[in-house]
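Assemble the whole structure, with the sequences as input and the hints as a guide.
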Amino acid sequence: MVTLRISGIDCYYGSIKALDNVAFSVREGEFVGILGPNGSGKTTLLRAISRTLKPRVGTVFLDDTSIYDMENREVAKNVAVVPQETIATFDFTALDIVLMGRTPYIDRFRQESREDLAIVKRVMKLTNTWHFAERLVNELSGGEKQRIIIARALTQEPQLLLLDEPTTHLDISNQLEIMDLIKHLCETKKLLIVAVFHDFNLAARYCDSIILLNDGKIVAVGKSDETLTSENVRKVFSVDTIVKKHPVTGFLHVIPISRPINQQQKSLSVHLICGCGTGSPLMKILKDEGYFVTAGVLNLLDTDQETAQLLKIPITSEAPFSPITEEAHTANLQMISKAKVIVITPTQFGDGNLRNLNAAETALEKGIPTILLEDGSIEERDFTNGKATNYITKLKNNGAITVKNTSELLQFLDKLENKNNKDSHQKKET
Amino acid sequence: MTSMNLSEAEADYFKRFARWKIIVILLTLALILTIAFAVTIGPMQIPPLDVYKIIIKNIPFIGDLVRGGSSSIEEVVVLQVRLPRVLAAAIVGIALAVAGVVLQGLFRNPMADPYLIGISAGASLGASLAIAFGIGLSFFGLIYSIPLMAFVFALGTVLLVYSIARTGQGVQMLTLLLVGIAINSFLLAIMAIVRIVSGDAIHAIMAWLLGSLVASNWSYVQIVLPFVVIGVALIYVFAKDLNIILLGEEQAHHLGVDTERLKMIMLASATLITAAAVSISGIIGFVGLIIPHIARILVGPDHRILIPSSALAGAIVLILCDTIARTIVRPVELPVGIFTSLLGCPFFIYLLRKRKRSVIG
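Residue numbers (the numbering used here), protein chains in the order written: chain Y, 103 to 532; chain A, -6 to 354.
The set of hints was computed from the structure by calculation and includes no laboratory data. Please read these numbers as outputs of a predicted model, since none were measured by experiment. Beta carbons are placed, not taken as given, at the ideal position from N, Cα and C, and that holds for glycine. Don't take each hint at face value.
What the hints assert, rightly or not - Which residues of chain A face chain Y? A partial, calculated answer using Cβ under 7 Å:
| id | residue |
| --- | --- |
| 1 | A2 |
| 2 | E3 |
| 3 | R101 |
| 4 | H196 |
| 5 | I237 |
| 6 | L239 |
| 7 | H247 |
| 8 | L248 |
| 9 | G249 |
| 10 | D251 |
| 11 | P294 |
Claimed, not checked - Dumping the calculated DSSO-like pairs for lysine-lysine here, alpha-carbon to alpha-carbon at most 30 Å:
| id | chain 1 | residue 1 | chain 2 | residue 2 |
| --- | --- | --- | --- | --- |
| 12 | Y | K337 | Y | K368 |
| 13 | Y | K506 | Y | K468 |
| 14 | A | K8 | Y | K227 |
| 15 | Y | K179 | A | K8 |
| 16 | Y | K347 | Y | K291 |
| 17 | Y | K468 | Y | K440 |
As structure tokens, this is what we get:
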């Protein structure tokens, strides 16, 4: 059973500390992904493991031997590296390049033997490169070239395979093909694999565990759903993300929303009457603008309900696919009474959620400004035989304001916010 | 183990080793023919057969087999003038071509040549000082002012460049290149001063700078030969490592190559053979740049065949160029550097054009 153990290493470039007390271990057949922002030490870590940059403190053990105590060739027989990109200066064929992987096994004055070539052939068939063995490397596509380099790494017959963003320059089909190949090797050949990634989703899809690096330190280690949380991602990358299992693939999916905006908190609280995803973009925009946002009533499992949950927006909710009950309606009215403005999104209305319009009517009567975001006529969205249309018409007659798009809405809210601030000032003065 | 029945690609691969042997044998034959041709050419009309008789007569053991008289003057011309000169051309050609291969490989740059890191500037300054002011160094009591000054200055310059470029982590090739360029221009500036104050010696300096084998004699051959033989042999030992370092130093390191040691041995060997060659020939341009390219086109990029074929081709080309240089406008001798450049320049431009096309295409 082969293991890789990194024992608290510190690496430096001159006086700059690039890795700070990094420690972890990898077992046979395990695929470990390293994620982190640019300059977080990912590549440095790979260089330390590949014996390219000697740590000042700590060392790298393969089984129980420090690789820094091993001969160059001994390391090359155990550890192979696939870099981001390879540039061959002169015209070598694919076969020439792959054969170079046998270097640590061939004495200086010996030529490659038939056994060497047999190994090369087997590996090139495995990596689906044998059919272009005699083509010049410089004339291959990026994906073909990268497969050649992986083949070369495999002819070293390593126990540990290190990959530095192996698919960064490749298209999506090549990315998956190469990652599938690597995963397959990891499982069948019981390789230890350590790979640097930039793509969360690729890492989550293929890695058994993930190491999150920041500023040369390990922030989190573990399975992808333990390490790739939106809290961790925000801490390390300063980006807000939605992390969830993709319904089709079942893999963890990290979707960036935006960089967090340090918007000043506004005094206005906005209540959204929405549903079916019509409120989702608005929730994000209003929150970024600094408004206090509430919403309701939303059915559980509704897209808008899920968005609200991710954005930590308080809502009044109802059981899935159920009409709004008296209880939920009352709760919603209570929530609305604290709001300074109501926004009704162009959602569909059926008998189940008609009560939300009733709530809006009540709010308007109490003097809470109500805004209708319009997109197409209400008739098309009315599944209540005209009841919803009646409500909307009544709301308009009673002073509800209509806006055509989000920017008009934001302008209007901005005016309200200013007025609200002035009012509260005056109140304080008097 | 996979079946031992070879597919086409595999069979082709093993054919290459046989092909390499044939290439080396053919080029060696071509070199012998070139030498045989070159020694028959000269201002004094000596029938080719007589030339060969003179040469064979002086080879130990088999010399007795040849009979027939030739005048002692003819013997002196063939043995003391033509033969050492042709051999010197061969040795210089080998040295420059192999050093070119090494530097193009190490710098991973097809534009590199043996003079890249200061050898030419150093040697030129040393030779100029010797010519202009008679500054000389003695060597085991023998005085070869110009060659020895050129040799010592060339080595000193490379050593200076190397030690400036060297850091705790080893030598970065790009830094080495830049330091080489800086030192080159610094030394050329000093040389300009030397030339200005040198008076009549300026003609001799100019002639030396263009490169010429006119002063060649047996002692030159004897002194330079060991450097070139040992240097080229050492370089050949590391031929496979040179292949691998073409993929970049980090990848070579990952394949088990001790890159720092390789760079040091290769730079030292290339410098020694170039400095030795330059010390007896002056600055002969383009051989070290172009021969490796021609060889690469003909035999491929693998250094195991590239080094021997470049060496042999370098020898052949320089002997031919020198033969033209010493005969084309009799009785005047032109510097051989003129012909290597005259022939090399158009070829170099052709190469550049070809590169440009492949970049665009």
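Consistency of the hints with the structure:
no.: 1; hint: A2; in the structure: holds, 5 Å
no.: 2; hint: E3; in the structure: holds, 5 Å
no.: 3; hint: R101; in the structure: holds, 4 Å
no.: 4; hint: H196; in the structure: violated, 42 Å
no.: 5; hint: I237; in the structure: holds, 5 Å
no.: 6; hint: L239; in the structure: holds, 5 Å
no.: 7; hint: H247; in the structure: holds, 4 Å
no.: 8; hint: L248; in the structure: holds, 5 Å
no.: 9; hint: G249; in the structure: holds, 3 Å
no.: 10; hint: D251; in the structure: holds, 5 Å
no.: 11; hint: P294; in the structure: holds, 4 Å
no.: 12; hint: Y:K337 with Y:K368; in the structure: holds, 25 Å
no.: 13; hint: Y:K506 with Y:K468; in the structure: holds, 25 Å
no.: 14; hint: A:K8 with Y:K227; in the structure: holds, 22 Å
no.: 15; hint: Y:K179 with A:K8; in the structure: holds, 28 Å
no.: 16; hint: Y:K347 with Y:K291; in the structure: holds, 29 Å
no.: 17; hint: Y:K468 with Y:K440; in the structure: holds, 11 Å
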